[in-house]
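Asker: Each chain, written out:
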Amino acid sequence: MKYIDEFRAGGLARQIAAKIASEADPLRHYHFMEFCGGHTHAISRFGIVDLLPANVHMIHGPGCPVCVLPIGRVQNAIQLAQIPGLILCSYGDMLRIPASNGMSLLKAKAQGADVRMVYSSADALKIAQENPQRPVVFFAIGFETTTPPTAIAIQQAQALGLKNFTVFCNHVLTPSAISHILQSPEVRTFGLVPLDGFIGPAHVSVVIGSQPYEYFAEEFQKPVVIAGFEPLDVMQAILMLIQQINTGRAKVENEFTRAVLPAGNIKAQALVAEVFELRRTFEWRGLGWVPYSALKIKSRYAAFDAEQRFSIPALSIADNKACECGAILRGVKRPQDCKIFGTVCTPENPVGSCMVSAEGACAAHYRYGRFRERNNAVIKEN
Amino acid sequence: MVQKGIVKPGYSRVLDLKKGCIEMAHGSGGRAMAQLIQQLFVTAFDNEFLRQMNDQACFPSSSGRMVMSTDCHVVTPLFFPGGDIGSLAVHGTINDIAMAGAKPCYLAAGFILEEGFPLADLKRIVDSMAQAARAAQVPIITGDTKVVEKGSGDGVFITTTGVGMVPEGIHISAENARPGDKILVSGTLGDHGVAVMAQRENLSFETSIESDTAALHELVAHMIAATPGIHVLRDPTRGGIAAALNEIAQQSSVGMMIHESSLPIQEQVQAACEFLGLDPLYIANEGKLIAICPAQDAENLLRAMRAHPLGKNAAIIGEIIEDSHCFVQMQTGFGGTRVVDWLSGEQLPRIC
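Protein sequences, first through last, are from chains W and S. Position one of the first sequence corresponds to residue 73 (our numbering), numbered consecutively onward. Position one of the second sequence corresponds to residue 402 (our numbering), numbered consecutively onward.
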């Protein structure tokens, strides 16, 4: 398929793999964090680990928007959905996230709540137009990639004079999460998470550009290579990171030049700035409270803010004690290090959010990579 | 000349198949129901067994092993490119029978109709079933109709049941896969699911993909004639080829290694899947089968499949390996290896 096959060619992959093998210094280890769930998914789905030398390690980062949303916010969404007459619109992955008491949006739906799976904010807007007598809430989640479409939906709702449409805003920011990881004691003080460089987000960077990462490269001396989500992009980015480290550089490089400009998409940024403003702090699953890491709807668009319309309470709900999602999201542990991975926690009965989304580290490993630990007794079969 | 006020014997008012719709009376056991059955179902499905008009159909049988299967159909939308719920209901059960290597003989059909459902649409569906059954030479010999209140169904649900005869000496079962066996598929994967999805209101994208819905029993007969020693047959419907392969691996207590570059997938299906974040391995098929046979028979079987119109894109996609964990693995076109897991949750509801 044009524009896809070119980035998945096995022959080219072997060439880059050979170059990585020849350039990686056998006397040291390389630890790279792929921030995005999209990269995690590509690495697992295409078996990229098989093409890397044993001393090149990939650490899964927190860039899965479904995974980082704390249970409290999911609980808020479930409570919204249970309001009689209300229609809650959500992206598909959110439906299965378990909240308190084993409840999820999907279970709420089975019990009679009107929860609709949508592919875009525009779908939610359409549902609101078609149901003028009923309140319609769009459960907005995601990093910078999905924020501009939410902004457009709010502006359109205003232009259309829609009184029944609101947005439960949970949009979060990539650079704040990366700096939080780099400043965490596990990385900075104790060295528990060896981190030599980052594969920077693909789609997020299309919106925010490559400039926001320059601070990390400079301040923390960690190279960042922005890469597309296709497997050859990932391989090329790994090679570029190794080359930077071997030559003692820590720069922001852009492998994804076919889509990412240094300044990003100015129009999208302006749109987001028009509708949203920074929250002072926001809770992330795994990372805890991260200052200035999320967006809220500006007061001039308050009529479309579900948090105000429905007085949504701030809920802080602790993760299941046995679940290691938090540590996995920080790169401290791997999915297979979690005691309940593949036993109590499976894609059918997820305990933690990392097992739900296809972009979550646990789901990706369970779905595509768990045969590598087949000799471990902990892996339970279906 | 018929006298005024005296009804002609055997006369019943003609159903308004253009503007009429299903009413509760059509399921009440009264005259309206008899009229619906006679004018719509019996007329369309017409055969000597149905004409007996009993609560059951009486048919001759020969000695030997028989198979029986039943399949419910709840697809939405009811009409999609390449087929509709009617043809799907006939093909689905015929294929389940054929996957034992059996010759399908008779079908039964049950209809749950929703009050208000247009008779014109019902006629279209029933005609499509009749045509599919006739083309497959498998008559629908008995059936049942129920009507539910508006809001309690979704237009029409159809259940079909079939019986078939297994030829002497044929032992095909999902527990028969052995390490070293080859895995074949009869054609391109994911066509049905993508064709249905493309018709969904909330997934508006344009494609010319048609459902592959088809009766596979003739292809199977052709394959068995060429290779009587086929170990396993299965039609990868819901959950796609991934689910079917995992089921076989579990039942046979074996592992599998398939090769991504050998999988026949139409470019449009691949594109739609990329666009929607789906994996064609998990998308439903309604006219494809997986065959597993000893390695030495594989080329012969492949030739036989390709010689049949429904198998012209057949391919050998992998082999059975020993694995106590029963993993289905795939060598990616990229050069790595990964698990092809069971489908978790619901990728797309109401696909067949």
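To be clear, the hints were calculated from the coordinates, so they are not data collected in a lab. Ideal Cβ placement from N, Cα and C applies to all residues, glycine included. Errors might be hidden in some of the hints.
[Said to hold, decoys possible] Only part of the chain W face toward chain S is listed, based on derived beta-carbon distances under 8 Å:
no.: 1; residue: Ile76
no.: 2; residue: Arg80
no.: 3; residue: Gly82
no.: 4; residue: Ala85
no.: 5; residue: Arg86
no.: 6; residue: Ile88
no.: 7; residue: Lys91
no.: 8; residue: Ala93
no.: 9; residue: Asp97
no.: 10; residue: Ser116
no.: 11; residue: Arg117
no.: 12; residue: Leu123
no.: 13; residue: Phe301
no.: 14; residue: Pro303
no.: 15; residue: Ala340
no.: 16; residue: Phe443
Asker: Given Ile88 (chain W) as an interface hint, is the shortest Cβ-Cβ distance to chain S below 8 Å?
Answerer: 10 Å, violated
Asker: Tell me if the interface restraint on Gly82 (chain W) is satisfied: Cβ within less than 8 Å of some Cβ in chain S.
Answerer: Holds - the Cβ of Gly82 (chain W) comes within 8 Å of chain S, reaching about 5 Å at its closest.
Asker: With a cut-off of 8 Å on the beta carbons, see whether Arg117 (chain W) makes it to chain S.
Answerer: Arg117 (chain W) check passes; min Cβ-Cβ to chain S is 6 Å, inside 8 Å.
Asker: Do the numbers back the hint for Phe443 (chain W), that is, is its least Cβ distance to chain S under 8 Å?
Answerer: Holds, about 5 Å.
Asker: Please check whether Phe301 (chain W) passes as an interface residue: C-beta within 8 Å of a C-beta belonging to chain S.
Answerer: Since the shortest Cβ distance to chain S is 11 Å, the answer is violated.
Asker: With 8 Å as the cut and Cβ atoms as the points, is Leu123 (chain W) at the interface with chain S?
Answerer: 6 Å, holds
Asker: Does Ile76 (chain W) meet its interface restraint, that is, does its C-beta lie within less than 8 Å of any C-beta in chain S?
Answerer: 6 Å, holds
Asker: Was the hint right that Asp97 (chain W) lines chain S, CB cutoff 8 Å?
Answerer: 23 Å, violated
Asker: Report holds or violated for the interface hint on Pro303 (chain W), using the least CB-CB distance to chain S and a cut-off of 8 Å.
Answerer: 5 Å, holds
Asker: Identify whether the interface hint at Arg86 (chain W) stands, where standing means a beta carbon of chain S within less than 8 Å of its own.
Answerer: Given a least distance of 6 Å, the restraint on Arg86 (chain W) holds.
Asker: Can the hint on Ser116 (chain W) be confirmed by a CB-to-CB distance to chain S that is less than 8 Å?
Answerer: 6 Å, holds
Asker: Holds or violated: the hint that Arg80 (chain W) contacts chain S, with Cβ atoms closer than 8 Å.
Answerer: At 6 Å from the nearest chain S Cβ, Arg80 (chain W) passes the 8 Å test, so the hint holds.
The structure fails hints 6, 7, 8, 9, 13 and 15 (numbered hints given earlier, in ascending order).
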